[in-house]
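**Student:** Got chain A; can you put chains B and C on it based on the hints?
Okay, here's what each chain looks like letter by letter:
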Amino acid sequence: MAKIDLKNARRLAEMVKAGEVSAVEAVEASLSKIRELDDKINAFITVCSERALAAAEELDSRLKRSEQVGPLCGVPVAVKDVISTAGIETTCGSKMLKGYIPPYDATVVAKLKEAGAIIVGKTNTDEFAMGSTTEFSAFGPTKNPCDLSRVAGGSSGGSGAAVAAGMVPLALGSDTGGSVRCPAAFCGVVGLKPTYGAVSRYGLISYANSLEQIGPLASNVDDCALLYSCISGWDPMDSTSYRDRPKEAAPLREGAKIAVPKEFFGEGVEEAVSRRVWRGLDALRDRGFIIEEVSLRSLNYALPAYYIVAMAEASSNLARFDGIRYGLHLKSGFRDWNTYFSRCRAEGFGPEVKRRILLGTFILSAGYYGVYYLKAQKIRNILKSEFQQIFSRYDLIAGPTMPTTPFKIGERVEDPLLMYLIDVNTVPPNLTGHPAISVPVHREGELPVGLQLIAPYFCEERLFQAAKIVEESLRR
Amino acid sequence: MLREQEELDVKIGLEVHCHLTNLKTKLFCRCSADYYNKEPNTNICPVCMGLPGSLPVLNEEAVKQALAIALALGSKISEKMIFYRKNYFYPDLPKNFQISQYDKAGGQPLAVGGQIRLQDKVVRIRRIQLEEDPAKIVYEGSISTSPYALIDYNRSGVALVEIVTEPDLTTPKQARLFLQKLRAILEHLGVCNCELEGALRCDANISVKGGYRVEIKNIGSFKDVEKALTFEITRQKMLGAKKGMETRHWDDVRGVTVPLRVKEEEMDYRYFPEADLPPYIITKELIEEVRASLPELPDARRERLIRQYNLPPQTAEILTSHKALADFFEASVKEYPGSPLKMANWIVSDILGYLNRNDLDPSSLKLKPKDFAAVVKAVEEGLINEQTGKTLILKAIATGESIEERVFSAASKIKDEAAIARLVDMVFKENEKAVKDALTNERAVNYLIGLVMKASGGKADPHLTRSIIMSRLKKVGN
Amino acid sequence: MPRTKIGVSTVKHLAWLTRIDLTDKEAREISKQLSRILEYFNKIDEVDTSGVEPLYHPLEMQKVARSDEPAPFPADEILKIVPSKKGRYVKAPKIV
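Protein chains in written order, with my numbering: chain A, 1 to 476; chain B, 1 to 478; chain C, 1 to 96.
Bound conformation, chain A alone (with noise of 0.2 Å):
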């Protein structure tokens, strides 16, 4: 039997596809690869095994009868346990959905099914995607593949690790302001956030849905392209998405210039971050690309915008979850409705999701909405204004994804400020709907870094390009 390597699915495919291999073998190697190490890593909360063999071998069947199967031939896939896939469990991370099975699939997850992929599990996350490293989740935190003492990165911690890990070969995460390039940079995979309206939100239970955007996990860029080629596209069920998409520019040439906001580079931003993300910028330097300091003043107010708006969004997305209609049930015995409500919702959530949703309402409240609400929407638009102003001169902006390394599990958990925090470099293109990606910057033996790369709307082919060149670099 040929080899199976779960960190190219492109290879995998192809083998599928020529017979090389079969669907069935493909997905045994992935489930066997997440027995060996996901007592350890707890990178899912659901593996659905009989379901992806019997998956595997109805496509080994199509394929015998010389059936078209698509791009992803037989290639497993874990998909981050916020969105929805009919008949398997759902949880978001939380006791509130704990035992919820769909009754339908997401858009994204019927695509994945039409190209051939086999979903192999719903990893793990932070509940209700709110979280930057994994460690809220109400299944236990996942452990960074690299270091399992410290965090994976979140809130698609456990898609992140599962790429890093060579569980699968591809994950798809959520990203709402970091949440799919902060798992990337700490384990060291490639991320992509979409731009917004890219890809179809319909079946991803809403954290912030002006902000959130499902994007691909892949251990490298061609794979992470070939996913994203999949899952993305105009969906009648989503009014977000986006239909008449404007034709790619030409690829970037010689001479392409980058922007790199100093605010990028603030005082929180470690040093060993730094050194490695010029590692890669001096890459493109070395391809021809120009690279530029530049400075974005509303880059300094990102961070408490995009909480605002977003746990705003948070307290009213969340509001649907009373333990009626599905999810949580608390046997009867309560005096009516609100204090069933009441009871529900307090033994459902954990304390990172109370504390969301609590801010999030006094945000809209009377008296409040225009000071906080109102005016975090204000800046949001000077922001656009400010990256619009980049890109007429600029073809790319540039920067650390994270401001450290993996930290040590357990060390900021206390903190939600200093969680928050870390958030930094990566809030502002959901804020503003940019296309970003980080590529991993760092060698052997080091703690894993990204560098994170923003582009125009609709230019992820621009992100794949240049962070190809990085990877490139740094393999040599």
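All the pointers check out, no bait thrown in.
Quick partial rundown of chain A residues pointing at chain B, CB under 10 Å, derived from the structure:
# : residue
1 : Tyr104
2 : Leu204
3 : Tyr369
So, partial list: chain C residues that the calculated Cβ filter (under 10 Å) puts toward chain A:
# : residue
4 : Ala15
5 : Leu55
6 : Val64
7 : Val82
Cut-off 27 Å, straight-line C-alpha distance, at most; resulting in silico cross-link-like pairs (DSS-like, lysine-lysine):
#  : chain 1 : residue 1 : chain 2 : residue 2
8  : C       : Lys86     : B       : Lys136
9  : A       : Lys111    : C       : Lys80
10 : B       : Lys217    : C       : Lys94
By construction, these hints were calculated from the structure, which means they are not laboratory data.
Here the structure is a predicted model, which means the values were calculated and not measured.
Idealized CB from N, CA, C, for every residue including glycine.
**Tutor:** Relative to the frame of chain A, chains B and C by itself:
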């Protein structure tokens, strides 16, 4: 006129919810919007059940129908329509927020302004907006005794148009007339089948002498609106000076309003824009497309009826206040164009009278225009007299049975001159005084004719009877 | 002027508005945490946003609406996951 009984201290505003009954699907999902008499929870999907991850997609036809209402009321259409979330917890709200619209803090509903004219009174419209209906809660027994609440989501997500007035109304009667007029407009537009239960719902806001405002919810019918407001005026007057806002519930069994919320919590709905729905640009083209397809509205129809059939304004007003009546009138005239005025009068007095006495809605009129026309025609041609005609109509009004036969049998009258002459002679013999009076008094002539008609069981041809009597009288006079 | 403190009674009011039961201890704890976070949020006061429109949707979307054609969903698939039912009704605790 309406303004005569105005009490200038009373301010009444209405909030009407109109269910767009002719849509096939709900406002934000493709579930069937037909929830009448369906098994509970059959028209449901992840969107209208508020399942996690579901997203709303706007029904364009709903926008068009709501636009039609806004245009009919003369409102100003917003260039951009923005949906807002109204956040509160209740078991009938699957998401514990309602996707609605707002006219403050940067919100832009479908339309603002507009008016409805009631005779000499103008009632201004504050805003018109689209929103989704909550689910329906069913109780075992009453709301207070039911051990649990049973929720049916068939209605959840159905398209509603909310029409809010300025507090221009000043009497309960005006409120009722406003609602009738609005209903007539909605029926003429064809956007709402108002006789369906719950298709048109109304909350009322009232304050007497300012400072204290009460919102009355749970009003079941337009008549109840008048009753509830009348009760509230009395209650508030007795209270004297009071400040603040209160929500009360109309108890139609006891005929009183009762306090609704035990906690006087100020409802903070925390309105903010719905991020799952981008602003909807209402183009000039769309507005013109809807405007061009607007059907004839009550006011225009009233004017046309006055012109076309020479009807008195008051009669035309009454006819067009219920689409069913106006339709019935025009259909009947089509069958027999000979005397529209008589038809109109019979409709607004006898037929409408019957409906009102029996608390029936004009749309439940079963009498067929064909039959009504046949009766009026028969009366006009002298085949039967008015009394007979009206009797026949009232017989058929409730059942819709065909009365053409009866008209003809009633009309098979005695045209035999000799037979009538014999009856005339008999009447003359028995009524000498009347005969003497008849020589000079027209009324006595009619009296004699009536006697002959009576004697013939109504069958004598009235014209022939009259001519025979007149010739007899001549003889007597000589 | 934005407040820099969210007191315990405010926290309790918010907990009611959002239907989350809190113990007194939790309310005190949360009050401290939220006040601290809110203080950080007050940073946005430094930005001059006069004349700036709020940005609710990051990208300008085209007119998004669908036709009035039904597409039924298998209702029973949803009823299957409802925790408490009576017949086909979803059951909830009483209102009053």
